[in-house]
Amino acid sequence: MTTDTLHPLAAEYLERLRRAGRRLPPGRRRELLAEIEGHLSEAIDPSASDAQALTVLEKLGEPEAIIAAEMPPPEELLAGRGTKEWAAIILILFGGFIFGLGWVAGLVLLWSSRAWTALDKWIGTLVVPGGLATGAFVGLFLLGAPTKRFCYGIAGGAQNCTNTPGQSSVPTILGIAALALLVLAPIATSVYLARRAA
Amino acid sequence: MAAKIRETAMSQLRRGVLEFCVLALLREGERYSYELVRALGDAEGLVTTEGTLYPLLGRLRREGVVETTWRESPSGPPRRYYRLTPDGRAALGGFMIEWTRFRDSVDALLGNGVLR
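As you go down the protein sequences, you meet chains A and B in turn.
The opening residue of the first sequence carries number 1 in my numbering; numbering runs sequentially from there.
The opening residue of the second sequence carries number 199 in my numbering; numbering runs sequentially from there.
Everything labelled a hint here was simulated from the structure, so no lab data went into it.
A quick note: this is a predicted structure, and the numbers were derived from the prediction, not measured.
Among the hints, a few may not be true.
[Stated by the list, open to error] A short, non-exhaustive set of chain B residues, derived as facing chain A with CB atoms under 7 Å:
{"hint": "1", "residue": "SER231"}
{"hint": "2", "residue": "TYR232"}
{"hint": "3", "residue": "GLU233"}
{"hint": "4", "residue": "THR247"}
{"hint": "5", "residue": "TYR252"}
{"hint": "6", "residue": "PRO253"}
{"hint": "7", "residue": "PRO272"}
{"hint": "8", "residue": "GLY274"}
{"hint": "9", "residue": "PRO275"}
[Stated by the list, open to error] Covered stretches of chain A, going by a simulated chain B footprint (3 or more residues, C-beta under 8 Å):
{"hint": "10", "region": "19–33"}
{"hint": "11", "region": "51–63"}
{"hint": "12", "region": "89–101"}
[Unchecked claim] Some chain B residues well away from chain A (every beta-carbon gap over 12 Å; in silico):
{"hint": "13", "residue": "ARG257"}
{"hint": "14", "residue": "GLY262"}
{"hint": "15", "residue": "PRO284"}
{"hint": "16", "residue": "ARG287"}
Virtual Cβ for every residue (Gly too), placed ideally from N, Cα, C.
Go ahead and model the full structure; you've got the sequences and the hints to work with.
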């Protein structure tokens with residue numbers, strides 16, 4: 001942002017608009033701010049008097065009123081999540097069960113959609129890779145582990161292996177907590193993506 | 199009370215016609231957002247707050263009646279240039295016919311504007 005080339009009152013106005021617009025879908029917020037910043041920089045010379053600046057700002061109207069005009073009605077917010085966005089969310093959550101391929105397809109949809117910002121897309125990708133399937137496989141492994149040898153250590157380096165018939169070597173509480181996290185995190189991500197899409 | 203009823207009616211009327219005023223401004227060629235907003239803001243009684251025109255421009259983009267390109271400006275941040283799409287031109291043509299009919303009917307009912 002080039003707010004340093006704006007009149008101080010114009011910069012303050014833009015900041016108020018930025019704050020008032022926090023609840024807008026990110027794409028719409030960005031575009032609106034860019035347009036208003038253009039308006040301010042054209043209409044108010046950085047060296048203009050405060051009175052001149054205030055006249056322009058008054059014609060522009062309250063930042064809150066501009067945000068209210070930009071705010072999509074609730075039904076449009078839902079419509080913003082088109083079939084593609086819902087498919088992306090569902091595939092990222094459950095697609096891992098289809099040999100992991102469904103999850104990859106979900107990623108393709110996620111990254112090609114214009115409903116999310118880059119940050120949203122990284123969250124969708126990294127929390128948690130594989131979606132719910134990852135938690136399910138880890139859970140199966142933990143449940144199936146008791147009669148098997150359990151190894152830990154650095155890959156390719158020295159490994160400690162223990163035989164633990166009937167009892168997992170991973171502390172149970174820790175295992176359950178990790179598993180709960182692996183199940184809850186992808187669900188939280190899906191909710192987040194659904195809310196951010198617009 | 200009478201003032202409130204009139205103000206509500208006027209704001210609904212403005213909302214209805216403003217987007218076609220934007221399309222009409224683009225009839226002769228492209229313009230950037232600030233030019234559009236100033237042209238509308240300078241027209242008597244058409245716009246109360248210039249800032250709310252930007253959300254309107256956004257809606258026109260999403261409706262596909264205008265398309266835009268960002269270009270560097272000689273001074274300040276880049277400018278967004280708007281131009282009509284074929285859909286926008288058709289929408290404007292249709293509205294111009296409807297509007298003439300609407301205006302003539304209202305004028306006829308209102309008479310010569312003198313209240314007796």
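Flag every earlier hint the structure violates by its number, smallest first. Of the numbered hints given earlier, those the structure breaks are 3, 7, 12 and 13, listed in rising order.
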